[in-house]
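Chemist: Take a look at the letters that make up each chain.
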Amino acid sequence: MSSLDKPAPIDAVRQSKVAAALRAFLPTSAVLFSAEDVKPYECDGLSAFRQLPMVVALPENELQVQRVLQTCHQLQVPVVPRGAGTGLSGGALPLGNGVLLSLAKLMRIVEIDPLARTARVQPGVRNLAISEAAAPLGLYYAPDPSSQIACSIGGNVAENSGGMHCLKYGLTVHNILKLRAFTVEGELIEIGGDGLDAAGYDLLALLTGSEGLLAVITEVTVKLLPKPETAQCVLAAFDDVVKAGQAVANVIAAGIIPAGLEMMDKITTGAVEPFVNAGYPLDAAAILLCESDGTPREVAEEIARMTAVMQHSGATEVRVSRNEAERVRFWAGRKNAFPAAGRVSPDYYCMDGTIPKRALPRVLTAIADLSKEYGLRCMNVFHAGDGNLHPLILYDANKPGELARTEEFGARILKLSIDVGGTITGEHGVGVEKIDSMCDQFRAPELALFHAVKHAFDAQGLLNPGKAVPTLHRCAEFGRMHVHGGEEKFADIPRF
Amino acid sequence: MEAVIRQLSQTLRDAGASRAPLRIRGGGSKDFYGNPTAGETLSTLAYRGIIDYEPTELVITARAGTPLAEIEAALHDNGQMLAFEPPYFGGDATLGGCIAAGLSGPRRPYAGAARDLVLGVRMLDGNGADLKFGGQVMKNVAGYDVSRLMAGSMGTLGVILEVSLKTLPLPAAETTLHLNGEEAAAIRCFNEWAGTPMPISATVWRKGDIGVRLSGAHAAVEAAAKKLGGELVAPAAAAHFWRALRDHANCFFAGDLPLWRLSVKSTAPPLTLPGETLIEWNGALRWLKTDAPADAIRTAAARAGGHATLFRAADKSAGAFHPLSPALAQLHRKLKQTFDPAAILNRGRLYAEL
Ligand SMILES: Cc1cc2nc3c(=O)[nH]c(=O)nc-3n(C[C@H](O)[C@H](O)[C@H](O)COP(=O)(O)OP(=O)(O)OC[C@H]3O[C@@H](n4cnc5c(N)ncnc54)[C@H](O)[C@@H]3O)c2cc1C
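These protein sequence lines map, in sequence, to chains E and X. With the working numbering applied, the first sequence corresponds to residues 1 to 496, in that order. With the working numbering applied, the second sequence corresponds to residues 1001 to 1354, in that order.
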């Protein structure tokens, strides 16, 4: 999809009818529809796409969520769920003929069970708030997206979010046990359980990462882990990006799974250093941050091995954090890479392809070439340990044509990710942003199956329609539908 | 090899046309698992072999008919493992059956389940369509997670052709300890230990005996062993012990009484059901040998936050798997209809209506 598509107009008659129906059970302040009231909801973290919602509903409890869904279903109004609105793919982009269902007011930590190491929380609870509440018990919630101070656990489940530590501790899908959710018709489904598995199909996995298209999540039971006693970080500098990529492979080959393994290229360190004063070696082509956590002896043992691997891999400089303050300083640049991009450029566009690590040199070289071709700077900062790239394309939306060029540049990076055996999105989701790239990654039969899965949950397509999975019609128009061996499979399947 | 797929796909299309059920089978090591199912056998054994294994990517991709032993041997040669410690239940276990059954062994609570390590699948749906989901990378959120949905679906949604799994390095050190304790105390200890950073990789309780395995960095294993106390088990005996537990080859699992698998909240107190119990997974998995009525067992499991599977029994008329809520049962039927509209694949193996 392109951000240049025009926003849809809003039907005022329908708007007042829907608002009135919702105000029958929600307080007036929880149903917004005037342009200025709904304006804050016009976009999520992908601000290039904007659309005013017809109505915003702000329920405070599960029963109200259910009634919003029942009412909308009765009136045949599409519903877009929204958590904190930090998503980077336009998953929570409103519809001009739809209700934006905000879960932000459902923000209670219902229960923490220290012995079972679980927390039961409402969907609007912020990711970091869970770890903060569990901290006095020596526990924490492991998945830590960089947006963790703001993003909601409901959004995390809907996107299957990751973080710096997911190489060792897993993604959202690995760290949740149970969901309460409502279908678009307002029917309660309880998925998973208090044990480690549940009877029947793994609907917990199916719902995780489903981008709000299958059900609205109203409660999440997450696993908590004991906080590591200590952590230490190795900072290694390389005079060549390819060598840094090889060092990543060497760490894994040595049988080490670091708590975090991140790479930043020279443009990135140059952009962040003035803001964080981390003392990064600015002449290095790339730096790696490699973290170990555990008991003090365990960490000492692992740090020694990590250091040796970095030296063997040709690092020009290896530093080990000597104390917690220094460790935090090493990470400060990485954690502030996005804001720094925002400071060195009026706008930036974050990509999210994941590739096999062996393809790193090829892909980084190709991105550098594309950067020249489009005349746009690109910062490379990424989760190196799992091959999840976050190229940040720097642009200026006020310069005519620059946004369009940026989007094209981005789409070519995604195509490249697919070509080397990777995926267009590792953690940010497809949303509206990458919907056309889905036509590159999947063929018609897989897309048709995705639509059929959606149909099983939401036959009328009223929950977050138009996101995540392109219609076959759209792909055909887009000219990207893959036809294998000259024959189109499922020629008889309707092109949605 | 692509010819094998065309053949399988043709078989599915023919079966679909005549609505003739098929029974998908790899090595047959899990024939006992689930409900009985009728139909011609569709064997996956011809589609075998490791396709791609790059240790530094932490990913292996293999065909469904590949013996699990072949995969684990290849990983072992490179200092890696399947961290979910898959049960074999017989030497002929294949990768496809392992993922379709979705069972995991003693290491599961600490390193993840079969489904957690699945990164991608290639499969044939009930129409014989050749489909690919997920991939060979650690993080992938493009499209619904159909790969993980296949894990544990007991062959009722499609024929798994290929699976990509995340691999992990073998632990540098491993130690097993033997301690003593009563059931309630053991459950409490398991959960308390799990709340500390000790590198526990397996726990078991039976009749006053507690077994704990520690795996990880030398320093961490040594420190934890000192903290826990008890007696050290010789490495060879320990390896044998955990393998026998994984494959139900020890004496607890012998005999003709029905064997139940109760997956419950790890802190649930001892279940007051008649019969003999063996506990794993910090208390989250309870094996019960009993001839108590199915209803009583399922009620107890549900009260403990989980579900009960009639794992091994001569008579499975009570249904192998825990009944679903009406809302979930309906979603299951719709998903089955989506993947296998003619209902030919492993009919009834998971639930009678699927
Ligand atoms: C600076 C920055 C850094 C980021 N870093 C990371 C990172 O490191 N890793 C990472 O994975 N992501 C990252 N993100 C992306 C984003 O924070 C995550 O995708 C997050 O999970 C979104 O949560 P949210 O509450 O803001 O969801 P929203 O943006 O509100 O919604 C996201 C999607 O989830 C759906 N949804 C929300 N709540 C529910 C619910 N209760 N039920 C059903 N569907 C729902 C919405 O419809 C939408 O499709 C970053 C974003 C920013 C702005």
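Derived from the structure by calculation, the hints contain no laboratory data. None of these values were measured; they are calculated from a predicted model. Some hints here could point you the wrong way.
Unchecked claim - Derived lysine to aspartate or glutamate pairs resembling DMTMM-like cross-links, with alpha carbons at most 20 Å apart:
(1) LYS415(E) / GLU446(E)
(2) LYS243(E) / ASP1052(X)
(3) LYS1334(X) / GLU446(E)
(4) LYS1334(X) / GLU301(E)
(5) LYS168(E) / GLU1054(X)
(6) LYS1226(X) / ASP419(E)
(7) LYS1334(X) / ASP419(E)
(8) LYS1226(X) / GLU301(E)
(9) LYS1132(X) / GLU301(E)
(10) LYS227(E) / GLU1054(X)
(11) LYS1132(X) / GLU185(E)
(12) LYS1334(X) / GLU190(E)
(13) LYS1132(X) / ASP440(E)
(14) LYS1227(X) / GLU402(E)
(15) LYS223(E) / GLU1054(X)
Unchecked claim - Partner residues are not named here, just some residues of chain X that face chain E (Cβ under 7 Å, in silico):
(16) GLY1049
(17) ILE1050
(18) ILE1051
(19) ASP1052
(20) THR1056
(21) ALA1129
(22) ASN1140
(23) ALA1142
(24) PRO1169
(25) ASN1191
(26) GLY1195
(27) VAL1264
(28) THR1272
(29) THR1299
(30) ARG1303
(31) GLY1305
Positions of the beta carbon are idealized from the N, C-alpha and C atoms, including for glycine.
Chemist: State for each hint whether it applies.
Modeler: Hints versus structure:
1. LYS415(E) / GLU446(E): This hinted pair holds, its Cα atoms lying about 18 Å apart.
2. LYS243(E) / ASP1052(X): Violated - the C-alpha atoms of ASP1052(X) and LYS243(E) are around 24 Å apart, more than 20 Å.
3. LYS1334(X) / GLU446(E): Roughly 17 Å separates the two Cα atoms, so the pair holds.
4. LYS1334(X) / GLU301(E): Not OK: LYS1334(X) and GLU301(E) at ~52 Å, beyond 20 Å, violated.
5. LYS168(E) / GLU1054(X): holds (19 Å)
6. LYS1226(X) / ASP419(E): violated (51 Å)
7. LYS1334(X) / ASP419(E): violated (34 Å)
8. LYS1226(X) / GLU301(E): Holds. LYS1226(X) to GLU301(E) sits at ~18 Å (cutoff 20 Å).
9. LYS1132(X) / GLU301(E): violated (41 Å)
10. LYS227(E) / GLU1054(X): Since the Cα atoms of LYS227(E) and GLU1054(X) sit roughly 32 Å apart, the hinted pair is violated (cutoff 20 Å).
11. LYS1132(X) / GLU185(E): violated (31 Å)
12. LYS1334(X) / GLU190(E): holds (17 Å)
13. LYS1132(X) / ASP440(E): Holds: LYS1132(X) and ASP440(E) sit about 13 Å apart, inside 20 Å.
14. LYS1227(X) / GLU402(E): Judged against 20 Å, a Cα distance of about 62 Å means the pair is violated.
15. LYS223(E) / GLU1054(X): violated (31 Å)
16. GLY1049: violated (19 Å)
17. ILE1050: violated (16 Å)
18. ILE1051: With a closest approach of 12 Å, the ILE1051(X) hint is violated.
19. ASP1052: violated (9 Å)
20. THR1056: With a minimum Cβ separation of about 4 Å from chain E (threshold 7 Å), the hint on THR1056(X) holds.
21. ALA1129: ALA1129(X) check passes; min Cβ-Cβ to chain E is 5 Å, inside 7 Å.
22. ASN1140: For ASN1140(X), the interface hint holds, since the closest Cβ of chain E sits about 4 Å away, which is under 7 Å.
23. ALA1142: holds (5 Å)
24. PRO1169: holds (4 Å)
25. ASN1191: holds (5 Å)
26. GLY1195: holds (5 Å)
27. VAL1264: Where the cut-off is 7 Å and the nearest Cβ of chain E is about 5 Å from VAL1264(X), the hint holds.
28. THR1272: The hint is violated - THR1272(X) has no Cβ within 7 Å of chain E, the shortest such distance being about 18 Å.
29. THR1299: violated (14 Å)
30. ARG1303: violated (10 Å)
31. GLY1305: Given a least distance of 3 Å, the restraint on GLY1305(X) holds.
The structure fails to meet hints 2, 4, 6, 7, 9, 10, 11, 14, 15, 16, 17, 18, 19, 28, 29 and 30 from the earlier list, while all remaining hints are met.
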